[in-house]
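Peer 1: Sequence:
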Amino acid sequence: MLTAGATGVLSVATGQQTTAEATQDKNPAAAQPASVTAGSVVQVVAHPDDDLFFMNPDLSRSLLSGTQVTTAYLTSGESDGRNQARGGAATDPEQPADRAHYAEARQNGIRSAYAQMATGDRTSAWKRTVFPTAGGGRAEIDVLIAKPQVNLVWLMLREARTTGEDTPESLRGLWNGRIPALDSQLTSGTPVKQPFTYTKDQLVETIAGVLEQYRPTTIRMQDPTPNRYGENGTGRYTDHQDHMYGARFVQAATAAYADRVSRRPHFTVQNYLGYHNSTLPHALDPQTAEAKTGFLKTYAWQDRQDYCGSPSGCGDRKVAGNPTGRNWAQSLRYTRADHTSWLTEGSPGRLWAFATLDGRTAYWTRTPGGDWAGPMFLPGTGIDPGATAARLPGGRIAVLATRTTLGPAPAEYRREVVYAVQSVPDGPFGPWQSLGTPERTDDEGTSAISAPAVAVDARGLLTVYLRDSRRTLRASTQEPGGGFSPWERLGGEDLQGDPVTATDAAGRRHVYATTTTSVLAWTQRTPDTPLLGPAPTGLPATTVPLSASPEGAGIRLFFRRPDSGVVRTALVTAGPSVRPHVSSVTEAGGRAGYGAVGTAGRLIVGRADSGTVGTTGLGGPPAWTESRMLFAGAPSAVLEPSGTTTTAVLGLDAELHTTTTPGTPNHPTWHRAVH
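Sequential numbering of the sequence shown, starting at 1, is according to UniProt numbering.
No lab work stands behind these hints, which were simulated from the structure alone. The model shown is predicted, which means the values in this text are computed figures rather than measured ones. Hints should not be assumed to be uniformly reliable.
To be verified - Below, simulated SDA-like cross-link-like pairs (lysine to any residue); rule was C-alpha separation at most 20 Å, straight line:
{"hint": "1", "residue 1": "Lys297", "residue 2": "Asn327"}
{"hint": "2", "residue 1": "Lys297", "residue 2": "Asn322"}
{"hint": "3", "residue 1": "Lys147", "residue 2": "Pro168"}
{"hint": "4", "residue 1": "Lys127", "residue 2": "Asn322"}
{"hint": "5", "residue 1": "Lys200", "residue 2": "Ser188"}
{"hint": "6", "residue 1": "Lys200", "residue 2": "Pro408"}
{"hint": "7", "residue 1": "Lys147", "residue 2": "Arg61"}
{"hint": "8", "residue 1": "Lys200", "residue 2": "Gly230"}
{"hint": "9", "residue 1": "Lys193", "residue 2": "Pro311"}
{"hint": "10", "residue 1": "Lys127", "residue 2": "Gln116"}
{"hint": "11", "residue 1": "Lys127", "residue 2": "Ser310"}
{"hint": "12", "residue 1": "Lys297", "residue 2": "Ser310"}
{"hint": "13", "residue 1": "Lys193", "residue 2": "Arg158"}
{"hint": "14", "residue 1": "Lys127", "residue 2": "Asn327"}
{"hint": "15", "residue 1": "Lys200", "residue 2": "Gly136"}
{"hint": "16", "residue 1": "Lys193", "residue 2": "His101"}
{"hint": "17", "residue 1": "Lys200", "residue 2": "Leu406"}
{"hint": "18", "residue 1": "Lys200", "residue 2": "Gly189"}
{"hint": "19", "residue 1": "Lys200", "residue 2": "Thr190"}
{"hint": "20", "residue 1": "Lys147", "residue 2": "Asp166"}
{"hint": "21", "residue 1": "Lys147", "residue 2": "Ala181"}
Using the sequences provided together with the hints, build the complete structure.
Peer 2: Structure below.
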């Protein structure tokens, strides 16, 4: 179906380890090939520039690593058809609207930005061809000649042409059944000459067909469940409607692809936050943000040099007046799988790791002898990226996740919390059981619930904590008979990301959640008494993801400093009053980077400023000890009774990678867990 130039990239080998590298250390673990970036990435976004604003620097680092990267654009992003800089003097105040030419200018800008990211030369040539889609239409595919593993797929549908207003002729209208089919919007220079339309089912088939052709191990998409603004979560969307509904089409397509194509690699999904980044502290360090902005300036054709020879222009002049957007260029955030509680010990010496592959919960287990097996799968589909694991008394494991139900009708789109528990230590897991959701309808808050955090009491009963779409904290507690209480309101406001929970040495439970400006706490005065809170901690603003681990009489929190990415830490101790005692904030080690950090003992693991997984020690050197591997989601780590730590990440190849280090971190080497 695709051109030879496109399909040929599927055989490109990336990240191969030489024999000399593989055997440079005589220890048996080092005799295995060290983990490096491998796999293939497909990104699907609504508009040209969504990838540059919301998926970078993940995108540029994937391109630099030599990974196969394909980006598919659902719409042409034609807007009002005027290629004029906003925030500055227009190129021509009387310029007539020409949507085909403006859409072509955006294509030109994207090609230039990708060429610059992949080769350093924005003028590097592309081959543009046409291919028939699985939905019965036509699409353009562009192959970067110097790096043929870099492909762009243009589906060229009509965009909504408004951020949130109810426009039936849009992805939103198509998803909700307001229109039977959505028209194409061809660009002026495309080799696709015949217009087409897609029904809802045809668009799902088209996206699934792209996935089938490129066979990704990592799928990047936008957020299908953003919040609404307003005190009750009933205002306008916090994101562009095309981002939200485009992502729902991608959800449906990944489910269809996973169900229909049996002989394919496993894949993981990464979701990215969109417009809401503008209201949150900057997540990237200045150097990374500057590099990201540089690619946006190329896309925006800021220098106006005619290097592309296109009458439509060489880029998107609407972005030229403000290439950082509304503080979007200074951040990258994940909306799923950005918490670190998915690796845990079960019975003595046995570890369990959980992730979402192919829309199902996968797990790996390591025997006391040190051998990993997996992935194995729990039954059931529709599981969102990420998992939360907890050890019950006696060594049984409980795993929790959220599950999306697409439903035959648009109103039946739902996200709910589910959990499964082992019947005996090291034994099989029972079926998924639903805890429902505090959201009454999808339309109420667009199903924008967080990932669950879970606490276990001495009886082995679970309490599940959740941020709801109103950005408050909710809880559901397991009763002795096994059922769960309705979702209780624990208060708070402006909560961001996922809550975290941990239990201190005195048996007191702590729950923490970030806000735009600080961190809120809920704590117990004594074990088995109600949580008190929300209480202010006085902690400074963070980049949102939190990690928590017990330390003596308190809980140590880890978070990143805005506009820096450096890992910071503070010790929080519960007391007789509602407000806990909070130590001074110190730097924990690890400079720059973004996303959640995993901790175990004195080990800290996270995404370094290069994008690769890195390690450091609490109070250790400011620089990360970096690997050569990009990864998805967040890392997780466990401190074992022997004093060693085992750390795990999910690589872009959808494989589990681990490293084991002694009590004092040195230079760990990552390996695939299963060979």
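Peer 1: None of the hints should be skipped; say for each whether it holds.
Peer 2: Going down the list of hints, with the structure as the test:
| no. | hint | verdict |
| --- | --- | --- |
| 1 | Lys297 <-> Asn327 | 14 Å, holds |
| 2 | Lys297 <-> Asn322 | 9 Å, holds |
| 3 | Lys147 <-> Pro168 | 40 Å, violated |
| 4 | Lys127 <-> Asn322 | 30 Å, violated |
| 5 | Lys200 <-> Ser188 | 25 Å, violated |
| 6 | Lys200 <-> Pro408 | 12 Å, holds |
| 7 | Lys147 <-> Arg61 | 14 Å, holds |
| 8 | Lys200 <-> Gly230 | 31 Å, violated |
| 9 | Lys193 <-> Pro311 | 18 Å, holds |
| 10 | Lys127 <-> Gln116 | 16 Å, holds |
| 11 | Lys127 <-> Ser310 | 15 Å, holds |
| 12 | Lys297 <-> Ser310 | 18 Å, holds |
| 13 | Lys193 <-> Arg158 | 15 Å, holds |
| 14 | Lys127 <-> Asn327 | 34 Å, violated |
| 15 | Lys200 <-> Gly136 | 12 Å, holds |
| 16 | Lys193 <-> His101 | 14 Å, holds |
| 17 | Lys200 <-> Leu406 | 13 Å, holds |
| 18 | Lys200 <-> Gly189 | 27 Å, violated |
| 19 | Lys200 <-> Thr190 | 24 Å, violated |
| 20 | Lys147 <-> Asp166 | 41 Å, violated |
| 21 | Lys147 <-> Ala181 | 36 Å, violated |
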